[in-house]
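Enquirer: Sequence:
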Amino acid sequence: MEKLINLNFNPKPPTILHLDLNSCFATIEQQANPLLRGKPIAVAAYTTPSGCIIAPSIEAKMLGIKVGMRVKDGRRIYPKLIVLPPDPDKYRSVHLALRRLLQDYTENLTPKSIDEFVLDLEGCPSLKLGPAAVAKEIKLRIKREIGDWLTVSIGIGPNRFLAKTASSLKKPDGLEEINCENYLDVYSRLRLTDLCGIKSNNLARLNNGGIYTVLEMFKSSVQSLRRAFHSVLGYHWYLRLHGFEIDDVLFARRSYGNSYALPDNRETVEQLTPILMKLCEKAGFRMRQAGYKAGGIHTGLLYRDGAYWHQGRNQPSLLFDSRDIYKAALAILIRSPYKKPVHTLAVSCFNLQKEKGQQLSLMENSEKKENLVSAIDRINERWGSFVLTPAQMVGTKDLMPDRVSFGGIRELTEAVLD
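Count along the sequence shown from 1, add 870, and you get the number used in our numbering.
The hints are simulated quantities; they were obtained by calculation from the structure and are not laboratory data. Some hints here could point you the wrong way.
[As the list claims (entries may be wrong)] Here are the computed distance ranges between Cβ atoms for each label pair:
| # | residue 1 | residue 2 | range |
| --- | --- | --- | --- |
| 1 | Lys1210 | Thr918 | 16 to 24 Å |
| 2 | Asp1043 | Lys1089 | 29 to 37 Å |
| 3 | Asp957 | Asp1055 | 37 to 45 Å |
| 4 | Arg1061 | Gly934 | 16 to 24 Å |
| 5 | Thr917 | Leu971 | 26 to 34 Å |
| 6 | Pro881 | Ala1002 | 16 to 24 Å |
All figures in this text were calculated on a predicted structure; none of them were measured in a lab. Ideal Cβ positions, reconstructed from N, Cα and C, are used throughout, including at glycine.
Could you build the full structure based on these sequences and the hints that come with them?
Expert: Structural data, given as structure tokens:
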């Protein structure tokens, strides 16, 4: 085996911890209901046979039930599979509890998703304990203070990428470290597709460049990796595998949007507009809560035959009122050349700007409009979503239930940190 010093691996002691809550949604359901513990369960977007499983429990995973599988297919594997609908309030509550606990160890805490956190202990008093000791203490405190059924896998590394890689080495409830002494041994046991970000396309690029293993990728020059990836990404991968930080970047919010998979066949504009209005209301409310206005609106339609049509348009003025967002989204919707059943309808606001004021219109009083919208938002926030709604949304009460995605923590972060 080659000498470590010749391979230029970062000699910096590991200070990064990556924490991953195992089987997040399903485990939280088991924590809330002890009768579900130790049993194969799955949280699904819809509990109907065609519903998509979004979180199988550890017990279900051991039987071969996977994320993305249909409920009916999961029950073919295990007929007694318990299927539950999502309960977003539970998941948000645990996420916030974890955040409060982890902030005791470092101010440099980054939530990466609803179930993942990155902690940088460098320069913190907690580092005196050592990263492994901190990780063990966090595991014990989670069970004692948040939930005795919750388990987390923690990885330790000199950069975020290797800490995340280490967290996946021994799931569930793992604690592993990648450092300048053991990295070659770890790399020798990994496949290229075990690296986060290496899927079929990147795998093909690497193979075309004569790179078939993680060790070969690590030993490749910057030039070889740049040729394989056809971009600067090759240099980024070189830095990651050599233990240097390249992923310590917090990207700004680029858009606010919502989508909805329709439970029935709808194809005309008249049938779609109530759902479109509700999507605009949800996206507009979230955008305003964060203090943004939108310079552009995007509408997308996924049809039941697999076809997809979408269009985004910049607006002549910044939009903040959900009714104006709806008008812009509707103008795009009616441009679709297809008249066939829609599977999924999506709306998003982009070109975001945190602007206190905007050019006043000669046709309306913008200040009064902003005050009215703000008042409606405060009522809905206090008394429940959609207490005050446009008439266009009549009949949509049971459509678009509350959801939270694994990556859907941006609003929580904005609410806590802004």
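Enquirer: Hint by hint, note whether the structure agrees.
Expert: Okay, the hints, checked on the actual structure:
Between Lys1210 and Thr918 the C-beta distance comes to about 23 Å, which sits within the given range of 16 to 24 Å. About 33 Å separates the C-beta atoms of Asp1043 and Lys1089, a value consistent with the hinted range of 29 to 37 Å. At about 42 Å, the CB distance of Asp957 to Asp1055 agrees with the hint of 37 to 45 Å. Taken as a hint, the range 16 to 24 Å holds for the pair Arg1061 and Gly934, whose Cβ atoms sit roughly 20 Å apart.
The hinted window of 26 to 34 Å between Thr917 and Leu971 holds, with their beta carbons roughly 32 Å apart. With their beta carbons about 18 Å apart, Pro881 and Ala1002 fall inside the hinted range of 16 to 24 Å.
Violation of the numbered hints given earlier is absent; every hint is satisfied by the structure.
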